[in-house]
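So the sequence lines, in the order shown, correspond to chains H and W.
For the first sequence, the numbering used here begins at 469 and goes up steadily by one.
For the second sequence, the numbering used here begins at 47 and goes up steadily by one.
What the hints contain is simulated information worked out from the structure, not anything from laboratory work.
Treat each hint with caution, since some may be false.
Claimed, not checked - Here chain W is said to cover these stretches of chain H; the calculated rule only asks that three of the stretch's residues, wherever they fall, bring their Cβ under 8 Å from a Cβ of chain W:
#, region
1, 600-610
2, 633-644
3, 650-658
4, 886-895
Said to hold, decoys possible - Have a look at the derived ranges for each label pair, beta carbon to beta carbon:
#, chain 1, residue 1, chain 2, residue 2, range
5, W, Ile96, H, Asn853, 51 to 57 Å
6, W, Ile100, H, Ala983, 52 to 58 Å
7, W, Val81, H, Thr817, 30 to 36 Å
8, H, Leu947, W, Ile62, 49 to 55 Å
9, H, Met653, W, Leu166, 29 to 35 Å
10, H, Ser761, W, Ile196, 19 to 25 Å
11, H, Asp471, W, Asp77, 35 to 41 Å
12, W, Ile222, H, Ala656, 49 to 55 Å
13, W, Phe110, H, Trp715, 53 to 59 Å
14, H, Ile881, W, Ile196, 25 to 31 Å
15, H, Val842, W, Ala197, 32 to 38 Å
16, W, Leu166, H, Leu669, 22 to 28 Å
Said to hold, decoys possible - If you only want the chain W side, here are some residues facing chain H, beta carbon under 10 Å, derived:
#, residue
17, Val54
18, Ser55
19, Asp57
20, Ala78
21, Ser82
22, Ile97
23, Lys152
24, Leu156
25, Phe163
26, Gly171
27, Ser180
28, Ala181
29, Pro199
30, Val200
31, Val207
32, Leu223
Virtual Cβ for every residue (Gly too), placed ideally from N, Cα, C.
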Amino acid sequence: MIDMDAFMGALGLMATSAGSWGWIVPGLIIGLVFSAIPGISITMAMAIVLPMSLYMDFFSAVVFLTSVYTGAGFGGSVPAILMNIPGSPSSFATTFDGYAMSKKGEHNEALGYALFASTLCGIFGYVLLLFVVEPLADIVLKIGPLEMFAVALWGMLLLGSLGSTYISRGLLAAAFGVLLGTVGMNTAGFIRGTMGLPTLLDGIQPVPAMIGLLAAGQLLSLAGKDYILEAEGARSVSVKRILLGCWYTFRYPGVLLRGSVIGIVIGAVPGVGSSVGNLIAYAEAKRTDKDSSSFGKGNPKGVIAAESAVASAEGGSMATMLALGIPGGGATAILLAAFMMHNIVPGPTFIETQKDMVYAIILNNIVQAIVLLVVGIGFIYVAANVVRVRTRYVLPAILVVATMGTYAVNGSIAGPITFFVFACIGFALVRYEYPVAATVVGLLLGRMLETEFLRSYQLTGGRPAYILDHPAAVAILVLMMLSMGMTAWGKRKQARHEAAEAEAMERLHREELAAKGTPHHQS
Amino acid sequence: MNFRGRTVSVDWGHLIVLLLIAAATGWYLLDARSVSTAANNLLLIQPLSIIALILVLVILPQCFRVAEQHADGATPVHETVRAREETKASDLMQPKLPTERVEVIKMLMLAGLLGLFVFLLKPLGFDVAIFLFSAAGMAICGERRPLPLIAFPVIVTLVVVMGFKALMPYPMPTTIL
């Protein structure tokens with residue numbers, strides 16, 4: 469399961485690259501702060517800091533970005549529990565029981581539950597990855613270009629169909645992304661769509677385009693919103709009670725385990741991501757619990773279920789990204805871009821040749837989860853202030869940093885211009901409910917898709933019957949069709965389910981307000 | 047808009063975006079075909095462009111909505127449907143988007159400002175451009191007090207210019223700093 473030589477090599481690698489350790493805490497803090505600011509998601513936080521990682525060595529860059537990822541997973545929960553404001557979409561389900569516990573005066577315990585569930589399940593996800601990464605790579609190594617093409621196509625279809633309310637729009641976003649990714653010269657030497665611009669010969673610069681799509685598009689749509697959050701009588705934070713909450717988390721191993729498994733599976737499947745994972749884990753915990761009526765009224769199991777799914781999704785999505793080189797969503801797309809900037813292509817060959825590096829990345833992520841425990845408690849003290857930062861300050865500053873980051877990629881003004889063009893595209897896509905992540909992944913994978921397709925075409929001499937000699941590819945294609953059908957069917961059910969969940973929460977909230985009989989000022 | 051005696055509400059923004067995607071895809075396909083019609087060139091692009099164009103046709107009807115007008119002034123059916131859809135859309139998979147005209151104008155202004163900023167970075171110098179962009183951006187987002195409008199952009203400019211000068215090996219043309 470684990471290659472001990474490589475494992476030792478990984479420990480050696482971690483011991484010798486002392487510089488990379490220094491990036492854990494800054495990464496966690498950036499992730500925590502950004503995701504606590506309402507309107508800024510995990511992906512945006514990672515996109516904005518991506519250019520910075522260019523100037524680090526490969527291992528430090530991955531450590532830094534995954535730290536941001538880990539921190540951002542928890543950062544949104546603090547305002548979710550204390551103020552009923554999910555800092556990022558992935559902590560939406562945390563508000564249900566987290567804020568209810570706060571109202572009962574149990575906010576310290578709630579924070580403890582959330583923090584410890586994040587830490588434990590973050591570790592769990594990566595420990596599992598540690599064991600499966602080698603067997604996974606062995607399987608993936610056996611597949612040829614045709615199968616690889618089928619898998620990539622499947623990933624894109626999943627991303628497109630699961631990432632949005634409308635399957636048709638999701639698929640168009642994915643197709644459009646892949647087409648954008650093929651601009652420039654292909655492996656056969658044909659030059660398309662460059663409009664005579666020499667910068668486009670190598671294709672569209674992925675980093676500025678990604679930052680534009682993932683970050684700026686959504687930032688622009690915040691322009692009309694100026695959050696003024698009324699200070700809600702400062703709640704006293706007690707480390708002792710937070711730690712007590714951490715300790716109590718052990719009472720619910722079943723909830724933790726189920727949440728993690730849901731998180732890992734959802735993380736590994738392209739297109740769903742943690743922003744849905746927490747809702748599904750919450751709904752599942754509620755459905756299977758004997759006392760399901762206590763959910764939404766401050767049941768710690770609700771907090772644990774939601775948080776565990778968010779934290780463990782990171783390990784799951786890393787599995788898909790490392791083994792196949794296919795990102796399952798925005799966050800792993802950014803990691804893939806970071807790999808590419810350092811001229812490393814993730815996939816089975818990377819795992820085979822650099823196994824110690826892969827183990828080092830996984831082990832470092834386990835360390836990050838533990839460090840989060842300490843940094844997270846410190847962050848709770850400042851979180852209330854972070855949430856109240858006004859959009860009018862955040863927005864221009866972040867746009868400036870993002871623009872400069874795209875300039876820093878190669879010191880050319882083509883970066884910021886690409887960034888602007890894709891900011892506009894991203895804005896339009898977000899506005900009309902197209903999943904931007906599908907376009908981003910299409911853009912990143914477009915070239916790879918075309919190359920693998922071309923290679924299979926050249927191998928077969930254009931004989932379609934060739935596919936019949938490859939049962940694996942046929943199986944993947946059949947699975948693809950089946951999963952598409954299931955998605956279309958399941959989507960209706962799930963949307964109804966989630967709407968019912970949100971409605972129930974709303975009703976509960978209103979009932980409580982009515983019971984209090986006082987108008988409630990908040991947000 | 048009236049069509050065959052029925053009132054049809056058109057989502058113009060979505061329609062324009064969709065047509066732009068279709069135009070870009072169509073142009074790309076024609077451009078690729080003009081380079082060469084060899085299979086090595088069109089293998090992926092041609093089928094995918096055609097699929098994309100078909101998807102555009104599938105999505106096109108979603109830009110239109112038939113509004114049944116009631117004479118008695120009752121709430122039109124489509125509005126309740128839309129309200130329900132809005133609650134469905136608030137599942138936070140996508141950030142919730144404001145629909146008021148003022149907010150849309152603000153967003154478009156900020157987008158336009160971003161475009162100006164990007165193209166003026168070199169001519170104005172990075173420092174001046176960053177200062178002007180942050181000040182104007184704050185003004186668009188609703189800041190009116192003169193002190194923050196000057197102080198905050200100065201801080202942003204100093205931090206960003208110094209920070210990136212220390213970080214980047216590339217030259218950064220500045221006017222004042």
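Do the hints match the structure? See the list:
Remark: the region 600-610 of chain H is not confirmed as covered by chain W, as 0 of its residues place a Cβ nearer than 8 Å to a Cβ of that chain, below the required three. Taking a C-beta to C-beta cut-off of 8 Å, the region 633-644 of chain H contributes 8 residues in contact with chain W, enough for the three needed, and the coverage statement holds. For the region 650-658 of chain H, the assignment as covered by chain W holds, since 5 residues bring a beta-carbon within under 8 Å of that chain's beta-carbons and 3 suffice. Coverage of the region 886-895 of chain H by chain W holds in this model, with 5 residues showing a Cβ closer than 8 Å to a Cβ of that chain against a need of three.
Against the hinted window of 51 to 57 Å, the Cβ-Cβ separation of Ile96(W) and Asn853(H) comes to about 53 Å, which satisfies the hint. With their beta carbons about 54 Å apart, Ile100(W) and Ala983(H) fall inside the hinted range of 52 to 58 Å. At about 32 Å, the beta-carbon gap between Val81(W) and Thr817(H) stays in the expected band of 30 to 36 Å. Roughly 38 Å separates the CB atoms of Leu947(H) and Ile62(W), a value that falls outside the hinted 49 to 55 Å.
For the pair Met653(H) and Leu166(W), the beta carbons lie near 31 Å from each other, so the given range of 29 to 35 Å is met. In this structure, Ser761(H) and Ile196(W) break the distance hint of 19 to 25 Å, their C-beta atoms being roughly 56 Å apart. For Asp471(H) paired with Asp77(W), a C-beta distance near 48 Å fails the hint of 35 to 41 Å. The hint said 49 to 55 Å for the Cβ distance between Ile222(W) and Ala656(H), and at roughly 50 Å that hint holds.
Between Phe110(W) and Trp715(H) the CB atoms are about 58 Å apart, so this pair conforms to the stated range of 53 to 59 Å. Look at Ile881(H) against Ile196(W): about 27 Å separates their beta carbons, and that is inside 25 to 31 Å. Checked against the given bound of 32 to 38 Å, the beta carbons of Val842(H) and Ala197(W), roughly 34 Å apart, stay inside it. For Leu166(W) and Leu669(H), the Cβ-Cβ distance of about 26 Å falls inside the hinted range of 22 to 28 Å, so the restraint holds.
This hint is violated: Val54(W) has a C-beta 18 Å from the nearest C-beta of chain H, more than the 10 Å allowed. Interface hint at Ser55(W): violated, since its Cβ lies 15 Å from the closest Cβ of chain H, which is beyond the 10 Å cut-off. For Asp57(W), the suggested interface contact is upheld, since its CB lies about 8 Å from the closest CB of chain H, less than 10 Å. Here the hint on Ala78(W) is kept, as its CB sits about 4 Å from the closest CB of chain H, short of 10 Å.
Look at Ser82(W): its Cβ gets to within about 6 Å of chain H, closer than 10 Å, so that hint holds up. At a threshold of 10 Å, the smallest CB-CB gap from Ile97(W) to chain H is about 6 Å, leaving the interface hint in force. Interface restraint check: Lys152(W) against chain H, minimum CB-CB distance 4 Å, threshold 10 Å, status holds. Among the interface hints, the one on Leu156(W) holds; its C-beta lies about 4 Å from the nearest C-beta in chain H, closer than the 10 Å criterion.
Checking Phe163(W) against chain H by beta carbon gives a least distance of about 7 Å; that is within 10 Å, so the hint holds. For the restraint placing Gly171(W) at the interface with chain H, the shortest Cβ-Cβ distance is roughly 13 Å, beyond the 10 Å limit, so the hint is violated. Annotation: Ser180(W) was flagged as interfacial toward chain H, and the flag holds, the nearest CB pair being 4 Å apart, inside 10 Å. The beta carbon of Ala181(W) comes within 8 Å of a beta carbon in chain H, closer than 10 Å, and the hint placing it at the interface holds.
Look at Pro199(W): its Cβ gets to within about 8 Å of chain H, closer than 10 Å, so that hint holds up. At about 12 Å, the closest approach between the beta carbon of Val200(W) and any beta carbon in chain H exceeds 10 Å, and the interface hint on this residue is violated. Using the Cβ-Cβ criterion of 10 Å, the hint placing Val207(W) at the interface with chain H is satisfied: the shortest such distance is roughly 9 Å. The interface hint given for Leu223(W) is broken, as the beta carbon of that residue sits about 13 Å from the closest beta carbon of chain H, more than 10 Å.
When the structure is compared with the earlier hints, violations turn up for hints 1, 8, 10, 11, 17, 18, 26, 30, 32 and for no others.
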